[in-house]
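Just so you know, the sequences run in chain order A, B and C. According to the numbering used here, the first sequence holds residues 1 to 287 in order. According to the numbering used here, the second sequence holds residues 1001 to 1397 in order. According to the numbering used here, the third sequence holds residues 2001 to 2288 in order.
Please note that the accuracy of each hint is not assured.
[Unchecked claim] Selected chain A positions facing chain C (Cβ under 7 Å, derived; list incomplete): (1) A69; (2) I88; (3) L99; (4) N103; (5) L141.
Treat the hints as calculated values from the structure; they're not laboratory data. Idealized CB from N, CA, C, for every residue including glycine.
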Amino acid sequence: MDFYYGMAQLIGVHTLLGLSAYIVLLTGQVSMAQAAFFAIGAYTAGMLTVLAGWHIVPALGASSILGAASACAVGFPALRVKGLMLVIATLAFGEGVRLFFFNFDYQIAKGNIKVGPLGGEGFRQIRFFPENGWTTFDVMLFIWVFALLAMAVLWWFDRSRYGAVLRAVGEDELAAQSVGVNLTAVKVSAMTVGGAIAGVGGGLYAHYTTHIEHSSFNVLVATFAIAYPIVGGLSNVFGTLAAVIFVQAFLVEGLRDLGDWRNLLFGALIVLAMNLRPHGLFGRRHA
Amino acid sequence: MKTIALAVAAAFAAAAYTGSDALAQEKTVRISGFGAKTGVIRLFGINSEAAMLAAAEVINKQGGVTLADGSKAKIVVDFLDDRCNAEEGISVIRRIYGSDAVVAVGPTCSNVAEPLYGILQKRVDDKGDSGLQMPVFTDVAIKGGLAKISEWSFRNVPSEWTMYSSLYYWLKAKHPNLKTVYGGVEEDFAHSRASWYAVMKDRALANGYEVMGESKWLLNDSNFSTQVREMKKANADILSVAAHPFTTCGLLKEMKRQGYKPKLLVGLTSTSSMEVMQGCPKDVEGMIIPTSYAPVNKEAKFAADQTAKYKGSADLHSMAAWENMFILKQVMESERISGDKSQLQADRRKIRDGLAKLKETKGLLGVTKRTEDREADKPYLFVQAQKGEWKVLHNPL
Amino acid sequence: MLDFLQVVVDGLLFGATYALIGIGFTLVFGVMHKINMSYAAASIGGAYLGLLVLKVMAGAPAWLVFLCGFLGGGALGYVVYLACFHFIPYSSPLATLMSTVGMLLLIDEIIVHATEGRPLNYPAMFDDVMLRAGEFSLRGDLLLVFGVSVACMAGLLILLYRTKLGLATRAVSQQPTAAQLCGIRIARVNAVTFVITGLLGGIAGALIGASVGTLSPLLTLPLTVKGLIVTVIGGLGNVPGAIIAGLLVGAFENVFQLWRGVTERDLYVMLLLFVFLVFRPGGLFSKS
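Using the sequences and the accompanying hints, generate a full structural model.
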């Protein structure tokens, strides 16, 4: 059973990552920066529980706030670039954050060992969960509280005016502007919400893997972040969840027994999925 | 909606494979290997798996493992791929824990080992620690000092510290005219980085060499012009490179272009493999590397031949997996495991305790000492790249 | 001072490899207005296909391997077109993006499977030629790469501006609907564009393999990122811009490395990109 709880944990964290990109994608912005906010959340939460002895919940709160703040800061200059350029700009930002953590040392002595992030060697021994006796089941429930919360919030957005405005901006900026939608407010707020979700996801990631390093937040992770909502379709949040299950439970775990072929099928199935269902597993929202 | 239901069903159906053995007639004991079988480092996983399967075949031919009640059980091996990815490594170990495997052998990558050891129970019998209670006996992940993370993690990897200490000592004696050392290091690969700063540099200094500095690069860099110029300027007698085959080859080719040839080349343990010989056989000529495996005696050659039957090649990494299998057989018998699926956790605990008790184990090159923090002190020798092959240069045994 | 100049020159020369891969990237973006994330992977794939020559004829000369790489790249270009662009509707840019990502992973994995992840020795031309000018040395093989980039650029410009195919390509790029109304078959034009960029990619991959000396799938991701950066700095669709940008990125990279070390080098390259995005989003030669 432990294995299934572990899988559920992984799916929960990846769903948070996917949802952070989902809301930004609704406004028509393809952001490769979500892995960066994920990283910021991870290091923040890790440092707070390990170095400052905080409980995990306020630590996650802090990582959510920092994720949101950095996303907001990115959101404004992101307004100036469109389409392909935004992808490249956010990719570069993501790489920049990763390289920052590659060079980031902050260790303090606890007893006779030093703890904290150590540049290229990473940040080890983030053991809040096992040290406090949380079982795999407990952690799974904890992660899913946040995942479900994020899904609920985004679902509620979708059913409210805000969601309609987000999608309007995503479909046609000019038309949206001409009916009085404030593009800046919409795009930056979407980016901020995405950053907050990614921050929480990152904080959880740090604690359930107990060891993070710069390469845990590379271009591939940023790509997975946008892959989930694209493969799942932008019609609702369940698309992203379905895509995470498809990729992680089916492609990664389920195909594990195919050994070598798994990796080959991975790329091939993504290409196939996009050709067969270009609007995602759940398709496009029909007006 | 149908697609989703199908996907979810397929996912959990497929993931429910716990590797249960079809032949329930014979008694079996399962050892699960895991490591990188896909990606650029897939050879490591392929070789480890081959070594494990070969060792199991030999053990089974000799009758198998003797259980506590006197009966014999055959060893069954399966191998899971973690793709050198931390999250997958954790998934895999949980999967192994949920199966009937009594012990896990792996992982390949140090960046998987660290998080993986981190989710294991730190101290045995610590009721407040909910970490996983699964013994892990590592064959390949070589970054220094990892086994002490958990009392359930054990390693059978050579101590680079000991080997390079000995190498520099021997070099000092054999070539007293060489006095200076310069380093080359892959800064973003934990193993290489630790191996230069904490091992090669430290040990060179300890043996009276003057270390003039180091040049750095990243693991997928391809432009070494600046680094080679730095090396030329330092003009040290010995160039000590802590990098993996791809960048090592790139560096060596640039050195050839700029006409720079140090008097002696020292390399990283993992570079003493076939990959470098395929990538740049001519340029690596003369490089000296300490290693914990070479086919210098009957057992070593036998292990290599058996592993080759399963399409794996023998090197210090895969041969550690081979050794692990025999050590585990010995531990299983000395601790008298039941082999009974209903006493699985007790058996795992027995194996862990057995591994912790060991003071020395039998390795292919000789006796391996086990240390207090669950690491190994393996016998080693020095090899040199000669005409496209790694030939034994000096055997301190 | 001399050291600094040598570092700059080394960087400029290595930048020729970025220039070569950047040309293909910028052409795809400029003409198809779509990102082909698998471009660098397909180029390296082409280079690997070039090595098949050595399997058939053991001592084959380097230029034959390059030629085979050139052709292999073209073939791969067509495959990428079919898999990622032909069937996916124009109105789904996200799907195209994702499918090219899937293609990148697939090509990488095929390479790893076929070579078991081992780096392979790559034949080179002029790799032992080092032109010396006093204290300076210049890599002869990189000068060749630069020469090939310029030749490719000239060839492309002739193709785009002096042939019917080029006219059709530019028409489709500017106004696909109007082009269709004029009787131009979009699918065919797009396919041919992909084959041409594929051929370019093949020769780029082969020459990059030759200048690095060993071919490995590890080359793919950094080349993808560099290619994207060069495209932005040079201006989307601007071929001469891509060449200059490639050289610049190579030079700056080396200078950053000298100045701040290898761990911070790429951080500054990203900052350089941001500077361009903020102040000159149209690229080096933009009118703004």
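### Status of the hint placing I88 (chain A) at chain C (closest C-beta pair under 7 Å)
Holds. Min distance 5 Å.
### Task
Tell me if N103 (chain A) is really an interface residue toward chain C, meaning its C-beta lies closer than 7 Å to one of theirs.
Constraint on N103 (chain A) satisfied, holds at 5 Å.
### Task
Tell me if L99 (chain A) is really an interface residue toward chain C, meaning its C-beta lies closer than 7 Å to one of theirs.
The hint holds - L99 (chain A) has a Cβ within 7 Å of chain C, the shortest such distance being about 4 Å.
### Message
A69 (chain A) was flagged as interface toward chain C. Is the shortest Cβ-Cβ separation under 7 Å?
### Response
violated (19 Å)
### Message
Please check whether L141 (chain A) passes as an interface residue: C-beta within 7 Å of a C-beta belonging to chain C.
### Response
violated (32 Å)
Taken one by one, the earlier hints fail for this structure at numbers 1 and 5, listed in ascending order.
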